[in-house]
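Novice: Heads up: the sequence lines are chains F and V, in that order. Count the first sequence with our numbering and you get residues 1 to 246, in order. Count the second sequence with our numbering and you get residues 1 to 356, in order.
Fair warning: there could be bad hints in the mix.
Ranges between beta-carbon positions, derived for each pair [claimed, not checked]:
no., chain 1, residue 1, chain 2, residue 2, range
1, F, G129, V, R185, 45 to 55 Å
2, F, M127, V, P45, 33 to 43 Å
3, F, G129, V, E240, 47 to 57 Å
4, V, P191, F, K12, 23 to 33 Å
5, V, Q205, F, T102, 41 to 51 Å
6, V, S56, F, M1, 51 to 61 Å
Bear in mind the hints are in silico, worked out from the structure with no lab data behind them. Glycine included, C-beta positions come from ideal geometry on N, C-alpha and C.
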Amino acid sequence: MQQVFKRPQSLKDVQTHFCPGCHHGTIHRLVADAMDLYGVQDKTIGVASVGCSVFLYGYFDIDVVEAPHGRAPAVATGVKRAKPDNFVFTYQGDGDLAAIGTAEIIHAANRGEDITVVFVNNTTYGMTGGQMAPTTLVGQKTSTSPYGRDKSKDGSPIRMAELMAQLGGVAYSARVAVDSPKHVLEAKKVMREAFGYQAEGKGFSFVEVLSSCPTNWGMNPLKANARIGEEMIPYFPLGIFKKEEA
Amino acid sequence: MSKRLFVKGNEAAAMGAVEAGCRYYFGYPITPQSDIPEYLSRELPKLNGEFIQAESEIGAINMLLGASSCGVRAMTSSSSPGISLKQEGISYMAGAELPGVIINISRSGPGLGGIDASQSDYFQSVKGGGHGGYHIPVLAPNSVQEMYDLTMHAFDLADLYRTPVMLLGDSVIGQMKEALVPNARPVRELPEKGWAVRGKSGAEQRVVKSLFLGDGELEAHNWRLHAKYQVMKEKECISEEYETADARLIVTGFGSVARIAHTAVAMAREEGMKVGLFRPVTLFPFPEKALAEAAGRAGKVLVVELNTGQMVEDVRLSVGAAAQVCFYGRPPGAGSLPSPEELLDVIRKQYDDTAR
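So that you can see chain V by itself, here it is in the shape it has in the complex:
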């Protein structure tokens, strides 16, 4: 049996990156994710890796772009305002089809906002936060263990699809300490990086670029990227279900709020209500089919988010007319994190309204 550690979510993500073979990290200090650069500034030099504290978030994402162009596994991390600055580089990486992992331990906004747990970056993360119309896979861990496991998964997805991949958490997940079993990196067959620059060495020139000016070139490029997103939707959706089989109300939420909702659903079950939890783990691709099935069986979905309503739009698109969708949100800010009891009250009300 593997050893068990007691670590913070942020450290777990950094450990997962190292286990995944990431030896290059570029970042900039920002709360509440600074444990990640701190950990890697200590560990990467021991592994002959490179750690750079960049001049800015923009500098860091472009260092990631450069390192990734060479075919190595590389990562950056930040929190919401810093992720905004990185969007330029993420768009260029999406356009040039460069792998790379970006961790967003998000905070509250808009603007300087605050450092409290928040899910206000959902739209920015899943709808293509930069210019030009693209998507990147977005993974939403809800535990320290998942911070570790999903970071490794993010590197595999990045290499498999030649795309930046984002891990979206918040201070609840990043700062929380719990048990971690540091599993070995999963074995997955990945394509050769025949596109990476290396110095042409007498062979064909390789160019990593996102500028396409030839007649029809960019249109074809965009359709090819679109086709890639469709494959991701087919193959890469991950979700978790709890007590959904006979549920007449499905509660859904991602990341930190799903942890709270899980407790609330368990309490509702104790009260005899047939309630289940559907947790999307991939936010892009969104687990549309699995959610539509569960929602269709139940007839009603309650979406819970730490914002004024973002993922709820994807839930509505997913379930269509198959189920009624209602929403409960707590926008971020000090003291705004709902308790299980608060969510239980909401569940009771929504359950009473329709199910009983």
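Isolated chain F, as found in the complex:
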């Protein structure tokens, strides 16, 4: 009998702590799939960030360095410069990457560090309990925007994948979603492409993944999943914004 589906080798055989309906598990799987494709599990050093994804060393069977909040791209820079033959990626949420870590992500990208950044955008601070993030949509109610995000006071949600595409050091920047089988398959292709850029030494690659947070959105998993297509994708369009041919 032929086995057609299995756990990626780079993932451990354990249950995750993620809430029901959270997309981190799916995104972890896509990252592991890309690692397996290029056979880099044994030479990968992951950089964990602060937030729900900090425990990624519990799920990925790879070496990991834990970074302070927002600093993963700087930590990954130090790792990659010290170990240029290793495969290095960061996995960061939106509070981490697009607020407290804005300087670190922009400058690591602009230097063209040969790393891959996986950016999980769920429009909220997950681990701290659903506060307003730089990606929170205008009008979205959170625990620190109880009347809805006010554009005149809180500004507009930041479109990071487009911003990254403007920087000279970035070789690849894309946004994907994992709310439907179709989108998951597209995301898988993009994740493989992004990791391929590093595997071939082509430079900095960035993948933004639109993700649900049912717990902090106050929705059940199905409703939360539907919100991605209804509210997020219209503001955060899917696509590849930069793809440098090396």
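Mind docking chain V on chain F? Use the hints.
Specialist: Relative to chain F, chain V alone:
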């Protein structure tokens, strides 16, 4: 005999780092330490090393954290306001037990303050400047030669104890030019870095982290770190004494002010006063026992600092009731550096009050 060079203290520290095998430097420009990144931006590429001028002090300390996680010798340097920004990363490195060398050519504060020689960062350096309750070894050079030698020593301590180590100087020590004998790196047996990430290569996963959420885990971690600090206190104290054997007044100070105090003590001796100098070289661990002994013999200690009184607290804790402790401070600022004559006046007064 080794050759003699005529270099700045900052350059000597950078040279010491290179001799110690440091090939990775991450920094950000700030006066009065910019000679260090300037020197290393020139020299490291020749040695297949990496120099990055980071986007910020925060970026630089986290690059150090990343490189150090891989087991290589790496360094950053800055001056007081920049060191404040690095405290987050230093706390994470202390928590994750990562080696690394941080040079603070400190300036005056608080706030933007000024660029004059200052010792106002003593508390921040030795009491755990970031959050969470930790210590890191702090070395206080008082010459260009020590900038070189103690930088090498800092790398050894960092690897030996798996800890960040700070070199604390100021513009007097960093900008001063004097003779340097560039000694070879001392041979010291150091532990294997079996904890460093490398890509697991079919072996066990390695994780460098400071998050401990398991029941009792973090408490045990903190006690283990505490035990490490006790070992440092036992084994790693360094101090220098000058004319203390028969002294009835001990002058103590570290770094730049100790240079001035040394001259003042020599002048006092010429006047027939039995005065000695005790100079802590390690500020953490503080040379408590050696100071208590010298102070106990003399009965009186005069603490001199370029601040309003910081190290004096550790002196009091060290000597307890064994000696009287008095303090003379010059907080930083243009024109506030005391002359040997000024310190001699203070010595005369304190000596007259008790010793004669």
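Novice: Name the hints, by number, that the structure is in violation of.
Specialist: Hint 5 is the one this structure does not satisfy, whereas the remaining hints hold.
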